[in-house]
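Colleague: Order-wise, the sequence lines are chains D and F.
Per the working numbering, the very first residue in the first sequence carries number 49; after that it's consecutive.
Per the working numbering, the very first residue in the second sequence carries number 13; after that it's consecutive.
Calculated directly from the structure, the hints in this document are not laboratory data.
Check each hint, because a few of them may be wrong.
Facing chain F, from chain D, some residues (calculated, C-beta under 10 angstroms) [as the list claims (entries may be wrong)]:
| id | residue |
| --- | --- |
| 1 | 262 |
| 2 | 350 |
| 3 | 353 |
Label pairs and their computed distance ranges (CB to CB) [what the hints assert, rightly or not]:
| id | chain 1 | residue 1 | chain 2 | residue 2 | range |
| --- | --- | --- | --- | --- | --- |
| 4 | F | 38 | D | 413 | 50 to 60 angstroms |
| 5 | F | 150 | D | 338 | 16 to 26 angstroms |
| 6 | D | 459 | F | 23 | 55 to 65 angstroms |
| 7 | F | 140 | D | 250 | 26 to 36 angstroms |
| 8 | D | 227 | F | 79 | 57 to 67 angstroms |
| 9 | F | 133 | D | 246 | 16 to 26 angstroms |
| 10 | F | 223 | D | 132 | 25 to 35 angstroms |
| 11 | D | 160 | F | 140 | 22 to 32 angstroms |
| 12 | D | 254 | F | 150 | 54 to 64 angstroms |
| 13 | F | 107 | D | 113 | 49 to 59 angstroms |
| 14 | D | 413 | F | 140 | 33 to 43 angstroms |
Selected chain F positions facing chain D (in silico; Cβ < 7 angstroms) [unchecked claim]:
| id | residue |
| --- | --- |
| 15 | 97 |
| 16 | 126 |
| 17 | 129 |
Each residue gets a CB set at the ideal place from its N, CA and C atoms; glycine is no exception.
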Amino acid sequence: MDGRSVSAPPAAQTSRTPGAAFILKKALISAFVALVLFSLMIGVRTEAGPQGQLVYWTRFDDLAIMVAAVFGGSILVELLRRWWGPVDTVRVVPPSVQSALSLAGRLVAPVLLVFTFLVPVLFYNERYILDLAILVLTYVMLGWGLNVVVGLAGLLDLGYVAFYAVGAYSYALLATNFGLSFWICLPLAGILAAFWGVLLGFPVLRLRGDYLAIVTLAFGEIIRLVLINWQTLTGGPNGVTGIPRPTLFGIPLTPADDGLAALLGIEFSPTHRIVFLFYIILALALLTNWVTIRLRRLPLGRAWEALREDEVACRALGINTTTTKLTAFATGALFGGLAGAFFATRQGFISPESFTFHESALVLAIVVLGGMGSQLGVALAALAMIGGFELFRGLDQYRMLVFGMAMVLLMIWRPRGLVGHRAPTVFLKRSQTISSDLVKEGHG
Amino acid sequence: MSGDPILSVDRLSMRFGGIVAVNDLSFDAERRKITALIGPNGAGKTTVFNCITGFYKPTSGAIGLTHDDGRAIRLERLNDFRIAKLAKVARTFQNIRLFPGMTALENLMVAQHNALMRASGLTFLGLIGAPSWHHAEQAAIDLARTWLERIGLLDRADDAAGNLPYGDQRRLEIARAMCTQPALLCLDEPAAGLNARESAALSELLLSIRADQGASILLIEHDMSVVMQISDHVVVMDHGVKIAEGTPREVRDDPKVIAAYLGADEEEAIAVMESGT
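Pulled out of the complex, with its shape left as it was, chain F reads as follows (with noise of 0.2 angstroms):
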């Protein structure tokens, strides 16, 4: 692969006591292009993100990430909300993860915590009511309020999270991680829960995402009619390495892949998970 990648993943290691879970994997993430990551279940998909996104410390193995302004950052020297702070990483949740009882908007908020606690001086500004504060208060529900347009929740701005319907409460996520100002966003099974017509608007959705905001995305996936549609890269996992990657088309054809989906040859995926121990 060639380009100009925001995020490489080189060796990734990661144990569990004996189970190793992601085995000497390595791949490149382009800029401002949409790249899935999928494999049956148990694949070990999860646990990578969790490693990019600093839930868990990799056993080895580097993850760089390379800013538009060219500033590289080794993800896995960081930690714990450094990473969506810093290095601008934000994801979402294969089971949602909103603040259920904070209104949609307010949810959106939160998401501005670090710009927001800035903007009020450490709490000390907008304690006093400084103007500077209102501003930026102003212009973060702005933000907020724009997000909600797009997703279109706008009517339902001051319901409770929790209260909305699954597939608004997936889009507020992505809503959500999208006011961090973000980098790279990581979606951890998007489409998970929703029918054919929310998958499409989802995937419209996230195209409309990288045209406009110029994001870097990274997803993981089973719903194949999404990955297909709006992939530019495809990378497969099966028992924890990476079996093939390419192109949505090439990925589709290849025999190792159709293998590990439908588990036809079992001595093969023995074989596999054998060879990377």
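Bound conformation, chain D alone (with noise of 0.2 angstroms):
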């Protein structure tokens, strides 16, 4: 309580705008939600006792702090809107900064690319950073996947990994049990999880909206129990380990003699693995890139966008909404696929762990951060979702704190994502971005 009292700061009192009652009214009331939400989160803190009794202790300083933040904030917000005049939606990011951000926005993607493919040289020797990369860059290609089911059908997808472990575990088992090499196993991979799709979608056609978000959180859940149920093909929840390395045309990347170090003459590295890695999971990304920007110019992705945009029109013009559907899950699956067996291969071990709702929500995360169907806004939502989550690990057990207030203040920000604007697909004079406001989420 003594939180709310100590730090009016002087610049409320001085104000004389007519608002500073309510300023300060504002700004109790934020105290007061503030104290209501933190007095047990914060104010309390228990823990079990060495005999395993509950032994709590206040905290009533720190949620004093904590209250007489949100009270001087919320002025300090207040003012600031005052100070930078009425504010309308255009105004939120002024003019001159969005054309400097559409100006960068041109330059972002090549240099980004550049930049990638030098990563393996600029960083050979840091272990670290080339593992966050290749991590990075799954993120980025199932965002991609994704990115066609949610950002260009429209279709409210809760449970993509479902497709990615299918593609891991397709892989995993064909290579342990048949010895299929990687590269034949990884386009079969992404048929197996593309099957998948369109088994997902035949129930879910009707379904719009938040009941096709629910099927589809189902299904991600179902194939996650049949995989730790079903123990004598998939090993349960011990998963499937030995999951044999991708190979350079046949050629090991081992230590042995007929390894690629030992038939170059050069000595070997643990790193060489990562590198190789690296760059598959690179072309992958690219790949999946590449299809979607050639789809979406293409009849089939601009019938997905038509979808997205009204479904019924759609059917007007004779557009038949469910292959067209069923497409945009096959696809979309199949990239999943794709990234879930080279996640097999990189780990080589998965177990139904690594496939839970929580990757789900990441990738949808992901896609929703960088803007429906930008293709540069899920790459530079992917890298700050994995990399800035990496970049807070110093923070200990404020990192999720951090992130999720960051993540709330870029959603006020650009409610539309990075990348919010969509890019025509097909002009006559001039391709003009579209504002977001026109274009639709899509209702399932």
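Each chain sits in its own coordinate frame; assemble them with the hints.
Modeller: Dropping the structure here:
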């Protein structure tokens, strides 16, 4: 309680605007909400004692600081808003900044691509960064894959991880049981995942929005539960071990005599394999990107986007909405499956634990944060989500808090994602981006 | 009526639970003519449209479509997108249904989906960039350009459809329907919300579509100036039944039509409704 009274900054009192009372009232309400919220979360700390009993102690000073911060912050935000002048929807990001952003936007993609190609050269000796880069690229690929379903076709899919799992287990089981190589299994894993995408698609064709989301969510869980319980095939919770590593045209990247290092006459280093994996996932991700960009300019891709805009109009134009939806599910699943196969070969070990709902949510967050339908936005969002999460590792228990806050702020400033506007697929004179206000989000 | 009907609706009925929206309705739409379906609000015009274009499955009755080559199609047996795809019936909507986040040009490209799908070898030829696909795509863009020019929107081809003024959106929706190369064009209140000048331009557009494309047009309209000016044949509905049909002049002077519109004789209207059920 004391936190509320200590910290009214002098600015609030000296401000002679007629709304001073309003600002104070708003700040008081915010502070009260913060007090209620934080009183148990921060005010009381509980822990299990040495004999298992409940030990708790109060942290009212921390609580006071938090509530004071909310109070002061609320006043500060209101004052900033006044100083900024009346804010309408257009002015949230000033036009000058927007035009600068769009100019930078055109340069971001090529620069990012060149930089990505150079990552193994620049960070050859930093295993941690290479591993992180592979992880980021995996999520870029997953994001691009899901972008087809959610961003283009407007079908909310909360079970995307199922296709990731199908791809991973396809490769793992085919390789360990039949000794097939990665390069043969990769397309097979993609095709199997696409097949499951169609299977999922059929029952959910008539569903829209929330209902579609729930069924896809359930589908993701079903796949995971099957993986856990079908012990004879999948090894259950123990997973599949000893998944072979990919080879370069049949040449293994091992220290053995027939390994790549020995053949080239150079000293073996485990980094070779990491770099090799990096370029595999980069190639897969770029393939995903290329195919998606191509598809958008083909009638199929345009039909996906038209479906997102207005399904009834699509039917009136003779577009088979059933096959259009199924192809969207299948294409998204195909890329998920390819990424899954890569995941399996990279880890060498997979278990159902890697394919929880958390992964689906993460990939969906990447797509939404990036701007639904935008390839560049999704790539940036994957970098921010996966890379940023690692960046905050030093913050320990506050990592999630900071991360959540960053996401909330981003969604306030750019409610339609980093790249919210839409680029037309065909133009007569001049391609001009379409404002996100006009682009529909789809209703499933 | 004599002649060569492209569409013949025979004893069409549509019930929603206990409500009879369309009752035993029969009429023909002549080939290369403009047929207007008029009537007061709630007469069941849009329901008839939805039955013809496959959005509703009629409770009973038959809807026959005869193409120029003599191919006859029973529309009530087709459903959903197949009516537009196979029977070549295109429609517009009372409340405009463009793809607002796509450009005017893209809207017209989506309309050519089925033709382009074939040309792109179900996407695979297009994916590898086969020359035949590029030719087909260019042809589709040219067709779209022609239509944009006709509706006076060539300058705004690359603007988002949702950004266009209302009247332009109406015309764009008609152009989009025409890009499907339909045999029968069904327009649901195309002049709704247009001012007098725009209505006149719309009438001209529809007349030119009939003359140049040889399209048959069926339209629902409340704007009597448009109906009287361009229709070859008018069918009047009230409370789900046909109360009159004929040339615009005949219909205009029909006392039953006047009664239905003015609501002068409510008892008669009730009698008509009851005799229908």
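Colleague: Hint by hint, say whether it matches the structure.
Modeller: Going down the list of hints, with the structure as the test:
1. At about 25 angstroms, the closest approach between the beta carbon of residue 262 of chain D and any beta carbon in chain F exceeds 10 angstroms, and the interface hint on this residue is violated.
2. A cut of 10 angstroms between beta carbons decides the hint on residue 350 of chain D: the least distance to chain F is about 5 angstroms, and the hint holds.
3. Of the supplied interface hints, the one on residue 353 of chain D holds, with its beta-carbon coming within about 6 angstroms of a beta-carbon of chain F, less than 10 angstroms.
4. Hint check: residue 38 of chain F to residue 413 of chain D, Cβ distance near 57 angstroms, so the stated range 50 to 60 angstroms holds.
5. In this structure the hint that residue 150 of chain F and residue 338 of chain D lie 16 to 26 angstroms apart at CB holds, the actual value being about 22 angstroms.
6. Between residue 459 of chain D and residue 23 of chain F the beta carbons are some 57 angstroms apart, a value that agrees with the proposed interval 55 to 65 angstroms.
7. Taking the beta carbon of each, residue 140 of chain F and residue 250 of chain D are about 29 angstroms apart, inside 26 to 36 angstroms as hinted.
8. Taking 57 to 67 angstroms as the suggested C-beta distance range, the pair residue 227 of chain D and residue 79 of chain F conforms, at roughly 59 angstroms.
9. Range check, residue 133 of chain F to residue 246 of chain D: Cβ separation about 20 angstroms, and the 16 to 26 angstroms hint holds.
10. Distance hint for residue 223 of chain F and residue 132 of chain D: a CB-CB separation of about 58 angstroms, inconsistent with the stated range 25 to 35 angstroms.
11. For residue 160 of chain D and residue 140 of chain F, the hinted distance range of 22 to 32 angstroms is satisfied, since their beta carbons lie about 27 angstroms from each other.
12. The hinted range of 54 to 64 angstroms is not satisfied by residue 254 of chain D and residue 150 of chain F, whose Cβ atoms lie roughly 37 angstroms apart.
13. Roughly 54 angstroms separates the CB atoms of residue 107 of chain F and residue 113 of chain D, a value that falls within the hinted 49 to 59 angstroms.
14. Remark: the range hint 33 to 43 angstroms for residue 413 of chain D to residue 140 of chain F is upheld by a beta-carbon distance near 34 angstroms.
15. Annotation: interface hint on residue 97 of chain F holds; nearest CB of chain D at approximately 3 angstroms, less than 7 angstroms.
16. Contact between residue 126 of chain F and chain D, as hinted, is supported at the beta carbon level, the nearest pair being about 5 angstroms apart and thus within 7 angstroms.
17. Of the supplied interface hints, the one on residue 129 of chain F holds, with its beta-carbon coming within about 5 angstroms of a beta-carbon of chain D, less than 7 angstroms.
In terms of the numbered hints stated before, the structure departs from hints 1, 10 and 12, listed from lowest to highest.
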